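Go ahead and model the full structure; you've got the sequences and the hints to work with.
As given, the protein sequences belong to chains U and W, one line each in that order. At position 172 of the first sequence (counting the first as 1) the number is 172 in my numbering, and the numbers step up by one without a gap. In my numbering, each residue's number is its place in the second sequence (first place is 1) plus 10000.
Check before you lean on any hint, since a few could be wrong.
Claimed, not checked - Below, computed lysine-lysine pairings styled on BS3-like, alpha-carbon distance capped at 27 Å:
#, chain 1, residue 1, chain 2, residue 2
1, U, Lys431, W, Lys10065
2, W, Lys10157, W, Lys10771
3, W, Lys10093, W, Lys10123
4, U, Lys455, W, Lys10795
5, U, Lys136, U, Lys455
6, W, Lys10065, W, Lys10116
7, U, Lys455, W, Lys10123
8, U, Lys62, U, Lys121
9, U, Lys455, W, Lys10065
10, W, Lys10649, W, Lys10574
11, U, Lys87, U, Lys121
12, U, Lys455, W, Lys10116
13, U, Lys136, U, Lys374
14, W, Lys10472, W, Lys10852
15, U, Lys121, U, Lys136
Everything labelled a hint here was simulated from the structure, so no lab data went into it. Fair warning: this is a prediction, and the values are worked out from it, not measured in the lab.
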Amino acid sequence: MSERPTPWTWSRRTFLRRTGLGSIALGSLLTAESLRADDQPVNAESGTRGVLREPHFPPRVKRVIHLCMAGGPSHLETFDYKPTLAKMHGKPMPESITAGQPIAQLQGQALNVLGPQHGFKPFGQSGLQIAEVFPKIGELADQMCVIKSMHTEQINHDPAHTFFNTGTAISGRPSMGSWVLYGLGSESEDLPGFIVLTSEGGGQGQPISSRQWHSGFLPSRYQGVQLHSTGSPVHYVGNPPGIGRQQQSDVVEAVSRINQRRQAELQDPEISTRLAAYEMAFRMQASVPSLTDMSDEPSHIVEQYGCTPGDGSFASNCLLARRLAERGVRFIQLYHRGWDHHGGVKAGVAYTANLVDRATAALVTDLQARDMLKDTLIVWGGEFGRTPMAQGDGRDHHIKGYSLWVAGGGIRGGTTYGETDEFGYNAVENKVHVRDFHATMLHMLGLDHQRLTHKFMGLDFRLTGVEEAHVISGILG
Amino acid sequence: MVRRNAGFGLLTIRSAIRLGLLLLVFRVAHFPVVVMADDGEVRFNRDLRQLLTDRCFPCHGPDEKTLEAGLRLDLRENAVSETGVIVPHDSEKSELIRRIFSADAERMMPPPSLNKPLTDGEKDLIRRWIDQGAEYEPHWAYVAPEWPAAFDRNSAKLPEVIDALVESNLTRNDAQSAALADPVTLIRRLSFDLTGLPPTTSEVDEFLNDSSPQRVERLVDRLLASPRFGERMAIYWLDLVRYADTVGYHGDQNISHSPYRDYVIKAFNDNMSYDRFVREQLAGDLLPNATIEQLVASGYNRMNQTTEEGGSQAKEYLAIYFADRVRNVSQVFLGSTIGCAQCHDHKYDPFSTVDFYSLGAFFADLEEVGVYDNRGRPPMIRVPDAAIQQRLAELDAQRKKLESQLLSLQETLRPGQESWEEKIRQQLREVTEQELDWLDEASAVVPEDRRQGWDYVTAEQGPVYRGTRSRKQTAGGLVQHLFQGVETTDPVDAETRFFAWVYLDAAQPPTAIMLQFNDGNWEHRKVWGSDDIVYGRTPENRPAYQRAGALPPLGQWVRLEVTAAEVGLGAGSKVNGMAFTQYGGTAYWDDAGRVTNQVVPRRLADALQIPRADRPEDQANDLTDYYLNHAPEVMELRAEMTRIDSQRKSVEESAPLTVVSKSVAPRTIRVLPRGNWMDDSGNVVEPAIPEFMGRLETTGRATRLDLANWICNDQNPLTSRTFVNRVWSLLFGRGICSSVEDLGGQGTYPAQPELLDALAIRFVDSGWDVKNLIREIVLSRTYQRASLTSEDLRKRDPYNDWFARQQSHPLLAEMVRDSALFISGLLVEQIGGPSTHPYQPAGYYAQLNFPKREYQADMNSNQYRRGVYTHWQRTFLHPMLKAFDAPSREECTVQRARSNTPIQALTLLNDPTFVEAARAFAARVMQSPEVETKGKIRWAYRQAVSREPDPEIVQTLEEVFASHLVYFGEHPAAAQELLRVGMVPVPSECDPVELAAWTSVTRVLLNLHEVITRY
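Laid out in structure tokens, this is it:
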């Protein structure tokens, strides 16, 4: 990655011209260096510059869009076709497989096989087997790689999300988006580098904690910022009632002038950072509304995503995700809370699939049309899968094997990686632990998971923790 | 029971062998005073320990599982053996040196795969150390602190000791300390550090005008005596113990802990000694005759996150809570990171996996479950405040009065028994069955506050069986309403039946309906219709799930009947509640109650048939009792008493609950191999302190109290060092040992160990006196120095390890809020009570569920309380607190992050709390004694930062005022809009346009860096 010309040169000049701050601020701002509490020398100007001058090795992608299918989509009704299950429908699961295994709501109950509730068919030239509930995603078959051998360690929603995001179920650790931002910083000048969107619909909406996008012990400037679909998209981004853009500008300018004036006496390098923070805040007050005002999207695009822009749906969020990607946001996470199908997995999966199918496909296609798919990693999947065993007419949580797919950034399209056993219970071939997934994602971003570390409590922490983690080179083109 | 803590000075042979290097602890009589030497002398602790820990010990350290080649470089006798890895005084012959200087990737140490190569300087350091004899030193933190020899331990004044040690260190480094801070900076610093609030201008004036040499002392004493001190210190302590108002996992439901928070505030304000503070939190419930306060304190042990998530496995969560607790206890009290030892022996510290589980075993006696339900975290207690206690006393007095009235009433009734008996006999001949309608509208037996989930409809809205209303229940799935906790006088007997009237909607009938009874539990059910109701459902019929067959006819009122026997209500049981359940559809429910076929219970009817003279005594008494308790006048009095009881109950329940510790038979604790909770193959462990620190001598199983006593033992080198180091970091922004969270092997070596030791010793000598410790630190000149410094000093000591100067840092999130409210005059100072709810953006909790919830901001004076009282939602912390780096309190936070972000700017600019504060501040400005605009600006500026503005600042603010006066004059509606932010009224004497313009000025002031920074 070549050294970018600093965007600050441009933006600062614009800001100074507008606010008339020029002569006061310029000199010191461009040279100020400050030592931060975390002992990481960072450029005082930037709120979201990473700690690395450049990636560890040439990156394949610049950004990640994680479509988090929260609740745990059933791999058996989506991407992992298991004819054996159909044959065994209603019969007891072999005890050799289930004995002594962790189990959630089926604790103490009879374990009988539930056959696949939806048909599969081959899609694309590659003939990937994908459930018929995904006609549009199916059209992406030749671009995606389905990892069928994911496994995780946490069987309940909250800790499983925490595990998927931070590599551990212990609270207080940084999320993967924060790690990425910490390493690489953001390319956006007027938006946070890690943005989270949420939607719901389908199965019961399991809660999602802001822990999932927290920066943990990393500096808080690396934490994800949630964009809200109701009220102000970013907290406090709107002026107070009765205050127009000019009045707000007057206030910000006066704050900066006085801070600047006091710096001479206080010699506090943080004042430079504060000036920059107010500049960016002021810019965000304009950039966020222009981001979320999607009236400039042509109707064929809106049609392609199948959404009413700004309605908070998954489809609208997909469109917003593309806009974020265009604006240089590094890590974009969309949670759709609707995949927890303990009962009625047939109707449930069909319903939720219908909510995400078209927009997911539209996002990938749209990025490709803009030549951005090549440097974007798309990740589609949940915190775990679901049991081959019936829970009534639904399925319980399952962690020993499940599916997730990735696309973009030179991922080998039209392929699958790894397998589960004939019941879809255990990942048996080319198993991919959550940590391996993390290592691979970082690798694609040009980051070595063993070298991206942060000192905390006397230890060098990293996203992949102390256990072994491997880059899954088999999925890379 | 006599217990003796023999943890110190007593090292078991086994642990001594395992930790050979620590033998030195007890062999070397004193802790070596480290002098920063430039004579090339290499000291193990100061220069090498961290390096070796980082690069070598991962594979050649205490963790047996990762040990390579059987070589332990942390043990001298292992490293300096005949193997020749280290040959003291001869680096050339040392294999270690050959390896670290090797260019051969196969032989090179550390191996390239570790990704942590040694620099040339580091290699040279190791070489010199070996040439100097390769002397090890025990890890400094585990050694008893040493009082600096130059001072008398009993008589030396601590501020002078601090200054002298700092100065002599500076002299050695040929550096000079900064000048003393100017008095305004000093009073602001002290006010923030000790109370979390800025000084008022009159306090500043008073301080400036006080020429006495004791003025700082007087100021410090005043601040320490302020109740704000406890609120300020609580912020720090609550971060450590991860205090919050919600459970943390999954639905993150609310849980009441506020009495614990108030205990912490009070403890600091009362200057409770630190050892007692620790003891009460770890083992308050185990203290003899534990007070409510001590029980509240014991809530510490249960401050961990918990879950209600369906499908969670209790055993897994018990393991999670267990590990959480060990991590927290070790970090909070011992400044040690033991968490790693959950899965493997610690790579850097002598903590083993066995130590981890043994430490946790102290807490195996806590009554707790893995998966909770119903928003409760039993055991919990109610903690009534003084007002509630008084109200309860009043109610008790009222009840007593009624009780004595009852007694005298009954005396007057006695003579009428005979004629009553005759009347009853008459009725017994006439009446065969009697209904007691519990829900009769005219005289409801069931008070309103015992009814849950009732939705009444009148005759216009739906069918009503009797009276003016029935209860409509409609749903897509399971639904019920019920009453519970009703006092019934008559126990069930063999003939008792129950009834309920129901009307099933013909168009949309439920698929199943159920009546259910509570006699202490709800396991008494009768079901009509399908099996859709899952409560108590089993394949076979049983009293807890009795199938009655098909649904009754639809579209008409039907009387459902249940006999006591068929639902397992035995004779003598007392039914206190009834539930009306259905699956789907719509049903209307009306009268319900019990049927007896007697006027009086059967046994009394029998007794009445016996002539009075012949009645056995017990039957006679039984009859008299019944008569005296069922007379209408008595029933009336009793009803009054019931009302008082229920009032008492609700007053009692208005007292906040708090989670406490309760000791029960301890669970078996096993070492979990690799932390795997499903693996039961590990050894069972008993409570024990880390083995290398000694052994507790107890008779029987060691308790939490034993642990607390060991932690608070005067000889424990970690407890006092941990605490004083953290207090120092509160007052300087940096610890003497900069890794305030970890004093162990991966922590940093203290910048000035002798200073840390002096503080630790004085702290213990003073009887763990917290206020005294703080007082003595802030009275040192070292504390009072300016934060500004020469470029030279900043370059030579960028992190301020020498403490030649003070250090500015951002105010804590709570203080940012408090300051704005304080400056604006809005702050409501009231100590304690349930948590408060500042304005918060709507929909912020949209991602939460079970239950879904809508945040309700306080619309009363609680809106203006200090930040320490803000409702702490672990998964969605208030955005303002979060923006300013307040932690989620899911885990222990020793030191908060310090950031400086655009989100903070947006918050200060636009959060209604700050906008409202600005307009309240503006009203103060307009009402200030100053007349001229310039004067008002100067006055306002001084309120915000305690000093006079220079002319340029005045001019800047004047420009804002002037231009906005014009703007709002042209847009009066905009002014009105701005002034409507928040709920504090606009003073009628303030002109809205002018007030809005002043609000722009005060918004500038509240956004100034200086306002949110402590210098």
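Here is what the structure says about each hint:
{"no.": "1", "hint": "U/Lys431 with W/Lys10065", "in the structure": "holds (25 Å)"}
{"no.": "2", "hint": "W/Lys10157 with W/Lys10771", "in the structure": "holds (15 Å)"}
{"no.": "3", "hint": "W/Lys10093 with W/Lys10123", "in the structure": "holds (15 Å)"}
{"no.": "4", "hint": "U/Lys455 with W/Lys10795", "in the structure": "holds (23 Å)"}
{"no.": "5", "hint": "U/Lys136 with U/Lys455", "in the structure": "violated (45 Å)"}
{"no.": "6", "hint": "W/Lys10065 with W/Lys10116", "in the structure": "holds (21 Å)"}
{"no.": "7", "hint": "U/Lys455 with W/Lys10123", "in the structure": "holds (22 Å)"}
{"no.": "8", "hint": "U/Lys62 with U/Lys121", "in the structure": "violated (33 Å)"}
{"no.": "9", "hint": "U/Lys455 with W/Lys10065", "in the structure": "holds (23 Å)"}
{"no.": "10", "hint": "W/Lys10649 with W/Lys10574", "in the structure": "holds (20 Å)"}
{"no.": "11", "hint": "U/Lys87 with U/Lys121", "in the structure": "holds (18 Å)"}
{"no.": "12", "hint": "U/Lys455 with W/Lys10116", "in the structure": "holds (14 Å)"}
{"no.": "13", "hint": "U/Lys136 with U/Lys374", "in the structure": "holds (20 Å)"}
{"no.": "14", "hint": "W/Lys10472 with W/Lys10852", "in the structure": "holds (24 Å)"}
{"no.": "15", "hint": "U/Lys121 with U/Lys136", "in the structure": "holds (13 Å)"}
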